[in-house]
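S.K.: Take a look at the letters that make up each chain.
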Amino acid sequence: EADIYQTPRYLVIGTGKKITLECSQTMGHDKMYWYQQDPGMELHLIHYSYGVNSTEKGDLSSESTVSRIRTEHFPLTLESARPSHTSQYLCAVGRRPDTGELFFGEGSRLTVL
Amino acid sequence: QQQVKQSPQSLIVQKGGISIINCAYENTAFDYFPWYQQFPGKGPALLIAIRPDVSEKKEGRFTISFNKSAKQFSLHIMDSQPGDSATYFCAASIMTSGSRLTFGEGTQLTVNP
Numbered sequence: 001e002a003d004i005y006q007t008p009r010y011l012v013i014g015t016g017k018k019i020t021l022e023c024s025q026t027m028g029h030d031k032m033y034w035y036q037q038d039p040g041m042e043l044h045l046i047h048y049s050y051g052v053n054s055t056e057k058g059d060l061s062s063e064s065t066v067s068r069i070r071t072e073h074f075p076l077t078l079e080s081a082r083p084s085h086t087s088q089y090l091c092a093v094g095r096r097p098d099t100g101e102l103f104f105g106e107g108s109r110l111t112v113l
Numbered sequence: 114q115q116q117v118k119q120s121p122q123s124l125i126v127q128k129g130g131i132s133i134i135n136c137a138y139e140n141t142a143f144d145y146f147p148w149y150q151q152f153p154g155k156g157p158a159l160l161i162a163i164r165p166d167v168s169e170k171k172e173g174r175f176t177i178s179f180n181k182s183a184k185q186f187s188l189h190i191m192d193s194q195p196g197d198s199a200t201y202f203c204a205a206s207i208m209t210s211g212s213r214l215t216f217g218e219g220t221q222l223t224v225n226p
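First to last, the protein sequences are chains B and Y. The numbering of the first sequence is our numbering, which starts it at 1 and goes up by one. The numbering of the second sequence is our numbering, which starts it at 114 and goes up by one.
By construction, these hints were calculated from the structure, which means they are not laboratory data. A portion of the hints provided could be inaccurate.
[Unchecked claim] Derived DSS-like pairs: lysine-lysine, alpha-carbon spacing no greater than 27 angstroms straight-line:
(1) Y/Lys155 - B/Lys31
(2) B/Lys31 - Y/Lys118
(3) Y/Lys128 - Y/Lys155
(4) Y/Lys118 - B/Lys57
(5) B/Lys57 - B/Lys31
(6) B/Lys18 - Y/Lys118
[What the hints assert, rightly or not] Derived CB-CB ranges, DEER-like:
(7) B/Gly16 - Y/Arg164: 46 to 52 angstroms
(8) Y/Gln185 - B/His73: 35 to 41 angstroms
(9) B/Ile13 - Y/Val167: 44 to 50 angstroms
(10) B/Asp30 - Y/Gly154: 25 to 31 angstroms
(11) B/Val52 - Y/Ile207: 41 to 47 angstroms
(12) B/Arg82 - Y/Gly173: 31 to 37 angstroms
(13) Y/Pro153 - B/Ser80: 27 to 33 angstroms
(14) B/Lys17 - Y/Thr223: 23 to 29 angstroms
(15) B/Lys18 - Y/Ala142: 36 to 42 angstroms
(16) Y/Ser178 - B/Thr111: 38 to 44 angstroms
(17) B/Arg82 - Y/Lys170: 41 to 47 angstroms
C-beta atoms are modelled at their ideal positions from N, C-alpha and C, and glycine is treated no differently.
Bound-form chain Y, shown alone:
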């Protein structure tokens, strides 16, 4: 059972544009929602994360929007740059259950110069 669904599978954006990746989850017990960025040949690295008590979190060009009632959250990358080209994974976990992350399927982002 896929508990975290991510879309789109791939995304091509022009430099300076906005990249938007969406995720939906099923388990209402999830209370931690991170986004990870992965470059080829590397392990994923935490980009930004949100807890369900807030609806939005912004760090530089990266923003998470969270809709608890819809069980959805999204990543917005403003002013996208070629260096942002990577695979992005949303994830979810239950903090009291040992931070075992359940990942979405991933989105391959390409930012053209």
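The shape of chain B in the complex, shown without the other chains:
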């Protein structure tokens, strides 16, 4: 199992603010992912990383950026939040060895006013 911690769980901010959503895992797994999910809707991959200093954009275009300086951390940053960024952001970790399974955190629900 992978223990995945996302903070904050809920965030309400004003337009133009910079925000960082934190994701950390305790198992040292290499593969990490960020998915965006609107309420009751499908998940869209926005970023992924296969290891330190490795980051790639996902299938859904996003104005957010990510970094992977340490194996256990995979933060997502929005430099200037807008109402269109209102969504839930889910961090996931791939199992080692790779079976295809992803473990998801509980998500960060962002509301931009």
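With chain B fixed as given, assemble chain Y onto it according to the hints.
M.R.: Okay, now just chain Y, sitting in the frame of chain B:
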């Protein structure tokens, strides 16, 4: 382009009944087909998964049926219980491409007592 299509969008079943959710995919390179279960306020969790070399996989009350020629797979929940009420997502990925899951639109299942 929606690579994984899921239906129905919502489903209401009586306790003890059978719940059936269907998915169709387009990319023939997909080789891993999981189903995830998501409760409100939580991240998705793997329920059951199948590889294309088998046509059916059963785990307890949950069964995946897979039809490679039709590019379809389905989830059957036998003896549905109120505790099964959740949103279910099918997904697909290419294992050699880093397990990046492409999700269906989701099905909100309600099991009435």
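S.K.: Look at each hint and say if it fits the structure.
M.R.: Hints, one by one, checked against the model:
{"no.": "1", "hint": "Y/Lys155 - B/Lys31", "in the structure": "holds (21 angstroms)"}
{"no.": "2", "hint": "B/Lys31 - Y/Lys118", "in the structure": "holds (26 angstroms)"}
{"no.": "3", "hint": "Y/Lys128 - Y/Lys155", "in the structure": "holds (23 angstroms)"}
{"no.": "4", "hint": "Y/Lys118 - B/Lys57", "in the structure": "holds (23 angstroms)"}
{"no.": "5", "hint": "B/Lys57 - B/Lys31", "in the structure": "holds (14 angstroms)"}
{"no.": "6", "hint": "B/Lys18 - Y/Lys118", "in the structure": "violated (35 angstroms)"}
{"no.": "7", "hint": "B/Gly16 - Y/Arg164: 46 to 52 angstroms", "in the structure": "holds (47 angstroms)"}
{"no.": "8", "hint": "Y/Gln185 - B/His73: 35 to 41 angstroms", "in the structure": "holds (39 angstroms)"}
{"no.": "9", "hint": "B/Ile13 - Y/Val167: 44 to 50 angstroms", "in the structure": "holds (48 angstroms)"}
{"no.": "10", "hint": "B/Asp30 - Y/Gly154: 25 to 31 angstroms", "in the structure": "holds (28 angstroms)"}
{"no.": "11", "hint": "B/Val52 - Y/Ile207: 41 to 47 angstroms", "in the structure": "violated (24 angstroms)"}
{"no.": "12", "hint": "B/Arg82 - Y/Gly173: 31 to 37 angstroms", "in the structure": "violated (45 angstroms)"}
{"no.": "13", "hint": "Y/Pro153 - B/Ser80: 27 to 33 angstroms", "in the structure": "holds (30 angstroms)"}
{"no.": "14", "hint": "B/Lys17 - Y/Thr223: 23 to 29 angstroms", "in the structure": "violated (38 angstroms)"}
{"no.": "15", "hint": "B/Lys18 - Y/Ala142: 36 to 42 angstroms", "in the structure": "holds (39 angstroms)"}
{"no.": "16", "hint": "Y/Ser178 - B/Thr111: 38 to 44 angstroms", "in the structure": "holds (40 angstroms)"}
{"no.": "17", "hint": "B/Arg82 - Y/Lys170: 41 to 47 angstroms", "in the structure": "holds (43 angstroms)"}
Comparing the model with each earlier hint shows violations of hints 6, 11, 12 and 14; every other hint is respected.
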